[in-house]
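Peer 1: So the chains spell out like this:
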Amino acid sequence: MTKLNAKIPEGPLSDKWRKYRSTVDLVAPNNKRKLEIIVVGTGLAGASAAATLAELGYKVKAFTFHDSPRRAHSIAAQGGINAAKNYQNDGDSVFRLFYDTIKGGDYRSREANVHRLAEVSTSIIDQCVAQGVPFAREYGGTLANRSFGGVQVSRTFYARGQTGQQLLIGAYQALSRQVSLGNVKMYNRHEMLDLVKVDGKARGIIARNLVTGELERHAAHCVVLGTGGYGNVYYLSTNAMNSNVTAAWRAVRRGAYMANPCFCQIHPTCIPVSGSYQSKLTLMSESLRNDGRVWVPKSKEDVKAIREGSKKPTEIPEEDRDYYLERKYPAFGNLVPRDVASRAAKEVCDEGRGVNKSGLAVYLDFHDAIIRYGKAEANANGLDPNDAALVKKLGTKVIEAKYGNLFEIYEKIKGDDPYKTPMTIYPAIHYTMGGLWVDYNLETTVPGLFAIGEANFSDHGANRLGASALMQGLADGYFVLPYTIGSFLSKEIKTPPISTDLDEFARTESEVRERLTGLLKVQGDKSVESFHRELGLILWDYCGMSRNAEGLKKGRELLQKLKKEYYENVFIPGTMDEYNPELEKATRVADFFELGEMMMVDALHRNESCGGHFREEYQTEDGEALRDDENYTYVSTWEWKGDGEITEHREPLVFENVELKTRSYK
Amino acid sequence: MKLKLKIWRQKNQNSKGKFSNYTVEASPEMSFLEMLDVLNQQLIENKEEPVAFEHDCREGICGTCSMVINGQPHGPMGLTTTCQLHMRHYKDGDTIVIEPFRANSFPVIKDLVVDRASFDRIIEAGGFISVNTGQAPDGNTIPIEQDEAKKSFDAAACIGCGACVAACPNSSAMLFTSAKVAHLGYLPQGQVEQGKRVKRMVVQMDKEGFGNCSNTYACEAECPKGISVANIAKMNRAYFSAVVSTDEK
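Protein chains in written order, with the working numbering: chain A, 1 to 666; chain B, 1 to 249.
The shape of chain A in the complex, shown without the other chains (with noise of 0.2 Å):
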């Protein structure tokens, strides 16, 4: 086991960043144009990336598995995006941001990344206004705001509740400009099927034509990784159908190493399943909690009427009702973080008050709301604040403005009117903290090999805070690895364009060759579908949203048996040489086969409960989560070493800003 050096700058934590940017080494602009970077991912990391890189005068060549880099499923955020910009004048300001991610992520994030980030936040407010993203506005034209789980400040900057789409569609148009300007050579439809190393730096990637088939080499100076996360180990998640970990699980198998893979966010408001053909889950933005009240009813005999049929959960009077966010956790009652909220859910539908036909629900209510904000405009319209239907009418006008979309999602899935009659909610795979080990110039452990975005582990510890996700991406796109690559690339002025004509090369791509054949070859009976449904369920069972030794022993037992069928019945139909969408899921199952083993020996080895691992071994008395700070307050992380053999390394976090405290949010 080897210590890692996160290269964190030396100084007061308010200074590292800007005296780093002052003294890290540039590259000159001639040399810039000689030089080349490879791209991979066109979500909000890899777009502004590639866009930003491209404007300084290096040269760009981006990479995306879809059609256009538009579809990146960074554009199904909803929420909202953070910026310590303190416009609501209500205390917000960059260390309050620094600490409260901090804080959220149950300390198990590097200090000097998280202030960084946090500095960099407002500019790219400014950023994204400049490119035309139509951000809310107040009457009077400035820019609106509204508060999310875990704090206290309002400063989450919204879109409705599609600002992942704004933002994004605002990175493609400037990676568009770019495209248009000749400075990226836009690849659509191709994944990267490998990494190429050369005298231990990263200087290419293997990608797959996806119409064509063909195999193809792609060089450069080094290589950026934005790929995203890999909730999609666990089939049904929030994220998009295609999200998967190939890019980063190869970078692994070429010497990366893997960050906290068991650092998993479980996103408390989804929609329920309802069958076994479920093929992924629908997320109901974070902001509803600003406004919906979490309940479920106190008495078994109310659950059982209403699985029956024969109640509706307007006809529970509120007294029969149980709040128990608000019960449990007065001081943020629903705006309590994603994990505490998850696990309370997780909770009550243990104890069997869940609200569905499968026990699995919870209700999410705006019923208050509605009534709150219809009397309030009643009063601001010199209408009467007593007529119920016109206050009803008023009220559920306001809740439309703020969520219509959302709303208008869940009806279309459910066939309910949330109006009328309160969503069902329950828990499910989000985002992954866990991901790529970067140090401070978001560099992994092979030279000249970057990760940015979701697809590294930096900044959200053991939780992330709502509205983080996309400040994070385009942190480190437009802002952050901008000037951290040249730490690499400053040392590479003198290196000629790499030629994929290199034995590596040839090497590299006989190998992915061979894997794919390997796979077509097998011809068996089970599609790769099923092979990854029964996966996700072993780890949502076993490495969920809580977990326990023997589980996850036996987890990763199951896992291994049906690994080693997967390579001896998975039936793929067609070739390699043509559009096929079977052969593309296949090789991203075998990835996420590997990956879910080192979840489990990672969940495994971490005896604590922090964010969103929770080990049950490891509670207080009333059932929160227990933290080890005296052995567990570093980053673990895993080298592959062959076939199910893995090392751990460590990266230990030291706090001299905050003082580590148990997260309380009673």
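Treat the hints with care, since some could be wrong.
[To be verified] Dumping the calculated PhoX-like pairs for lysine-lysine here, alpha-carbon to alpha-carbon at most 20 Å:
{"hint": "1", "chain 1": "A", "residue 1": "Lys420", "chain 2": "A", "residue 2": "Lys521"}
{"hint": "2", "chain 1": "B", "residue 1": "Lys150", "chain 2": "A", "residue 2": "Lys414"}
{"hint": "3", "chain 1": "B", "residue 1": "Lys150", "chain 2": "A", "residue 2": "Lys402"}
[Unchecked claim] Okay, the calculated bits of chain A under chain B, using three or more residues with CB under 8 Å as the criterion:
{"hint": "4", "region": "21-29"}
{"hint": "5", "region": "46-59"}
{"hint": "6", "region": "174-182"}
No lab work stands behind these hints: they were computed from the structure. Here the structure is a predicted model, which is why all the values come from computation and not from measurement. The C-beta atom is built at its ideal place from N, Cα and C for all residues, glycine as well.
Go by the hints and put chain B onto chain A.
Peer 2: Structure of chain B alone, referenced to chain A:
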């Protein structure tokens, strides 16, 4: 419920396609794409080639899913993408005809998958504001009236799926292009380049082979995001004023 499906099968861009018939067992809670998942699972179990269709977020926002269902892009429900369409809107014994989006500028790649790269090239022609990272003033420097921000947002909600093109008898991309022109044009930041932008985007649109607008409004009717044809009027106005007021060709 038991459904009969007539699905367009086409090996690749150069081969001739045809309809094939299938039957599938579905339940009302399923989404339309989950019904196709069930069909594909069935085909794979029988060692047959599954139906290729594109999809990703399955939340109606990424714009990847397409398909013409019984003659309508994204199927029968208003303001709904194919992935958000649910089987409770069908009944036992129904026959459903499924085709790809059809337009010369959207060549078929396989079965129901089409190539919409022409949309990217229209955006590349001018669908952006030319501001480099780091050049931006404080976000609150330019106040924007709530209503203008709302209009801009309404146009920016376009998901680039191409249903407007598939719905149009002329395969026109005017709704898509005008949505971008309006999104940026309603904002003060976007005003600076508006003339140049609209001219270049219209030229590219024509170059890609998209047809012209003859005011059938089928695009607006089928748009899953409710993008208004008023944007087309706005674009035409901006285009003509740009043509008479700028020298650039």
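Peer 1: Take the hints in turn and mark each one as holding or not.
Peer 2: Okay, the hints, checked on the actual structure:
1. A:Lys420 <-> A:Lys521: 54 Å, violated
2. B:Lys150 <-> A:Lys414: Distance ~28 Å between Lys150 of chain B and Lys414 of chain A Cα, so the pair is violated.
3. B:Lys150 <-> A:Lys402: Status holds; Cα separation ~13 Å.
4. 21-29: violated (count 0)
5. 46-59: holds (count 4)
6. 174-182: It holds: at least three residues are needed, and the region 174-182 of chain A offers 5 whose Cβ sits within less than 8 Å of chain B.
In the structure shown, a violation is registered for the earlier hints numbered 1, 2, 4, in ascending order.
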